[in-house]
Amino acid sequence: MVRSLRSPSIILVLVTMGLWVTPGIVAAESPGEPGSESIDSTLKELEQELDHEDQTQEKSSDPPPAAADSVPPEPSSATDDSLSLPRLLSMYWQPIWTALVAGLALGLLGVYVVARRIVFVSAALSQVSALGITLGFLGVALLGIQGVLADLIPPVAAAVLAIITVWWLVRVGESSSFPRDSVLGVAFVIPMALVLIVAPLITAEMHEVEHVLHGSAVAVSMPNVIAVTVAAALVLAVQLLGFRGFLFSSLDPDVARTQGVPVGLLDALLFGSIALMTGLVTRALGALPTFALTILPGLGAIGLRIGLAKVFAIAAVAGGLSGAGGFLLSSFVTDWSVGASQAMVAGALCLILRAAGRLLD
Amino acid sequence: MTDESNTLCAIRSLVCGWDSPLLDAFDFEWRRGELVVIEGPNGIGKSTLIKTLAGLIDPIGGRYTWGIDPAERRYVPQVRTLDPVLPATVEDVLATGVQRGTSLAGLRATPPEGQIAARLSEVGLRDRRGDLFRDLSEGQKQLVLLARALLGSPKALLLDEPTASMDPHREKHAVEQLRAAADDGIGIMMIAHGSEAAREAADGFLSIDRDGRVHPNDTAEESFHGS
Numbered sequence: 001m002v003r004s005l006r007s008p009s010i011i012l013v014l015v016t017m018g019l020w021v022t023p024g025i026v027a028a029e030s031p032g033e034p035g036s037e038s039i040d041s042t043l044k045e046l047e048q049e050l051d052h053e054d055q056t057q058e059k060s061s062d063p064p065p066a067a068a069d070s071v072p073p074e075p076s077s078a079t080d081d082s083l084s085l086p087r088l089l090s091m092y093w094q095p096i097w098t099a100l101v102a103g104l105a106l107g108l109l110g111v112y113v114v115a116r117r118i119v120f121v122s123a124a125l126s127q128v129s130a131l132g133i134t135l136g137f138l139g140v141a142l143l144g145i146q147g148v149l150a151d152l153i154p155p156v157a158a159a160v161l162a163i164i165t166v167w168w169l170v171r172v173g174e175s176s177s178f179p180r181d182s183v184l185g186v187a188f189v190i191p192m193a194l195v196l197i198v199a200p201l202i203t204a205e206m207h208e209v210e211h212v213l214h215g216s217a218v219a220v221s222m223p224n225v226i227a228v229t230v231a232a233a234l235v236l237a238v239q240l241l242g243f244r245g246f247l248f249s250s251l252d253p254d255v256a257r258t259q260g261v262p263v264g265l266l267d268a269l270l271f272g273s274i275a276l277m278t279g280l281v282t283r284a285l286g287a288l289p290t291f292a293l294t295i296l297p298g299l300g301a302i303g304l305r306i307g308l309a310k311v312f313a314i315a316a317v318a319g320g321l322s323g324a325g326g327f328l329l330s331s332f333v334t335d336w337s338v339g340a341s342q343a344m345v346a347g348a349l350c351l352i353l354r355a356a357g358r359l360l361d
Numbered sequence: 362m363t364d365e366s367n368t369l370c371a372i373r374s375l376v377c378g379w380d381s382p383l384l385d386a387f388d389f390e391w392r393r394g395e396l397v398v399i400e401g402p403n404g405i406g407k408s409t410l411i412k413t414l415a416g417l418i419d420p421i422g423g424r425y426t427w428g429i430d431p432a433e434r435r436y437v438p439q440v441r442t443l444d445p446v447l448p449a450t451v452e453d454v455l456a457t458g459v460q461r462g463t464s465l466a467g468l469r470a471t472p473p474e475g476q477i478a479a480r481l482s483e484v485g486l487r488d489r490r491g492d493l494f495r496d497l498s499e500g501q502k503q504l505v506l507l508a509r510a511l512l513g514s515p516k517a518l519l520l521d522e523p524t525a526s527m528d529p530h531r532e533k534h535a536v537e538q539l540r541a542a543a544d545d546g547i548g549i550m551m552i553a554h555g556s557e558a559a560r561e562a563a564d565g566f567l568s569i570d571r572d573g574r575v576h577p578n579d580t581a582e583e584s585f586h587g588s
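Chains A and B are the protein sequences, given in the same order.
So the first sequence is numbered by our numbering: it starts at 1 and just counts up by one.
So the second sequence is numbered by our numbering: it starts at 362 and just counts up by one.
If you are wondering where the hints come from, they were derived from the structure by calculation, not from laboratory data.
For every residue, glycine included, the Cβ atom is placed at its ideal position computed from N, Cα and C.
Each hint should be verified, as a subset may be incorrect.
Unchecked claim - Distance windows between CB atoms, simulated:
{"no.": "1", "chain 1": "B", "residue 1": "ALA466", "chain 2": "A", "residue 2": "ARG354", "range": "33 to 41 Å"}
{"no.": "2", "chain 1": "B", "residue 1": "PRO529", "chain 2": "A", "residue 2": "ALA355", "range": "36 to 44 Å"}
{"no.": "3", "chain 1": "A", "residue 1": "ILE226", "chain 2": "B", "residue 2": "ALA466", "range": "32 to 40 Å"}
{"no.": "4", "chain 1": "B", "residue 1": "GLN538", "chain 2": "A", "residue 2": "LEU241", "range": "31 to 39 Å"}
As the list claims (entries may be wrong) - Non-contacting residues of chain B with respect to chain A, defined by C-beta distances greater than 10 Å in every case (computed):
{"no.": "5", "residue": "PRO438"}
{"no.": "6", "residue": "ALA449"}
{"no.": "7", "residue": "GLU561"}
With the hints as constraints, model all of the structure from the sequences given.
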């Protein structure tokens with residue numbers, strides 16, 4: 001049976017395109033590498049403020065024992081040893097806030113990702129996005145395009161390929177001959193191979209490709225903060241509004257269809273939300289925390305026997321805690337990288353939730 | 362001559378299948394309050410017929426015309442098609458029985474107070490309301506799906522092997538309840554794989570032979586000889 005997906009696809013295209021393109025447009029307004037200017041200038045301003053404070057005030061307290069070593073590598077060279085929590089929050093509110101809201105949205109979506117056995121959706125969409133970005137840069141280089149258009153083409157190409165992949169994922173849900181996990185495998189392997197083929201043609205732009213694709217959990221640019229925040233708010237609003245519809249279409253899609261529930265539209269919205277958040281958070285924080293925040297909180301919460309609404313709420317909270325807590329952990333307790341800390345906090349919360357699930361049985 | 366007001370679903374030269382026909386064209390008049398049992402060998406197309414009437418598969422040929430609103434029909438799949446990694450409780454699953462349509466209000470609809478407890482009591486599972494659906498036995502899961510289908514006052518039920526995993530005692534009880542529902546005016550079409558209790562309770566049969574021919578019969582005796 002083939003069902004028309006015109007309406008869901010149009011909605012998906014509009015929402016995803018809008019939010020993918022936003023950081024590109026904002027970044028394009030400032031010169032230099034996309035997304036790098038605002039964080040550099042912010043850090044410089046803060047450094048100057050801190051230097052000024054150090055010259056005029058005596059230190060009132062010693063820093064936490066691990067603080068000197070645990071400041072994230074990139075900013076530590078620009079700051080002093082007396083990093084307190086308020087200072088850290090004021091200096092790094094952008095990555096902390098971004099990790100918090102990204103964790104909330106990805107944690108919630110992660111329950112669906114785990115339950116529907118599409119844990120590789122993040123990895124596949126990252127690869128598809130990488131191919132889009134790479135092809136975009138190739139097109140810009142080959143055609144000699146410059147200015148705002150040159151900044152826009154790579155993320156738009158990535159968004160278009162991600163949308164096509166999502167559309168494909170929705171369609172194959174109705175086919176038994178080409179299951180969804182196989183689509184994810186194809187979407188992972190083929191783009192990876194194509195990137196390797198295309199990359200030698202644009203060696204000059206590969207650094208920029210890496211920068212756009214993998215972001216940094218330490219330095220999140222303002223356009224990415226805005227994009228992740230707006231996207232997370234949208235995703236959470238859509239989930240709150242249509243929560244029971246998403247549940248029904250995930251739990252029992254055939255019966256949902258017979259009761260007139262628009263399963264195709266809801267799948268498109270769900271996979272579109274995952275694509276949107278995965279793409280934006282990967283660009284803002286990097287691939288490791290994105291994958292960790294998508295899988296681990298959901299995997300932990302799904303072991304609880306407390307009713308579905310509470311499972312989703314706990315997964316969202318665990319995701320937010322993992323994102324923000326991972327940053328603080330790397331700053332005050334460990335010398336791990338921020339992304340690794342976020343993944344480890346998410347892993348620890350996952351284990352705690354699974355253990356709680358067993359204890360509560 | 363048929364009484365159209367009494368017709369639940371009129372089937373005319375219906376050909377069912379996926380890419381190619383599984384069942385030959387047949388006619389059938391399903392009346393309100395009639396319990397129809399579908400019989401036939403494994404893999405012949407019984408589930409395909411039920412899914413076609415439920416609107417999940419487009420017919421390859423012919424047509425069927427419902428005499429009731431889509432909101433008044435319920436489909437119960439084989440229980441193994443539900444594989445809830447999602448930790449849905451029995452109550453969560455039951456509550457989906459009243460969700461309907463594309464509007465937000467329809468998607469967010471919840472059963473009236475007391476309905477879930479009443480339906481669970483009918484199938485003997487009142488004390489399992491807060492348990493996870495996946496922790497129930499296969500037979501208990503089927504009872505929950507039957508209870509869900511009966512929420513919202515349906516006028517037709519399409520059931521795909523609703524008693525397949527039940528022990529004889531539970532099966533007898535479930536069929537008695539379906540018979541009672543049919544006596545209350547609910548049309549029931551069910552695949553009953555060799556269920557003697559279902560044969561005894563049936564008003565009519567759709568018997569499918571090994572060549573994919575569908576034989577509408579009125580009695581179990583005709584069905585037995587026809588298939």
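So, going through the hints one by one against the coordinates:
| no. | hint | result |
| --- | --- | --- |
| 1 | B/ALA466 <-> A/ARG354: 33 to 41 Å | holds, 37 Å |
| 2 | B/PRO529 <-> A/ALA355: 36 to 44 Å | holds, 41 Å |
| 3 | A/ILE226 <-> B/ALA466: 32 to 40 Å | holds, 33 Å |
| 4 | B/GLN538 <-> A/LEU241: 31 to 39 Å | holds, 37 Å |
| 5 | PRO438 | violated, 5 Å |
| 6 | ALA449 | violated, 6 Å |
| 7 | GLU561 | holds, 28 Å |
When the structure is compared with the earlier hints, violations turn up for hints 5 and 6 and for no others.
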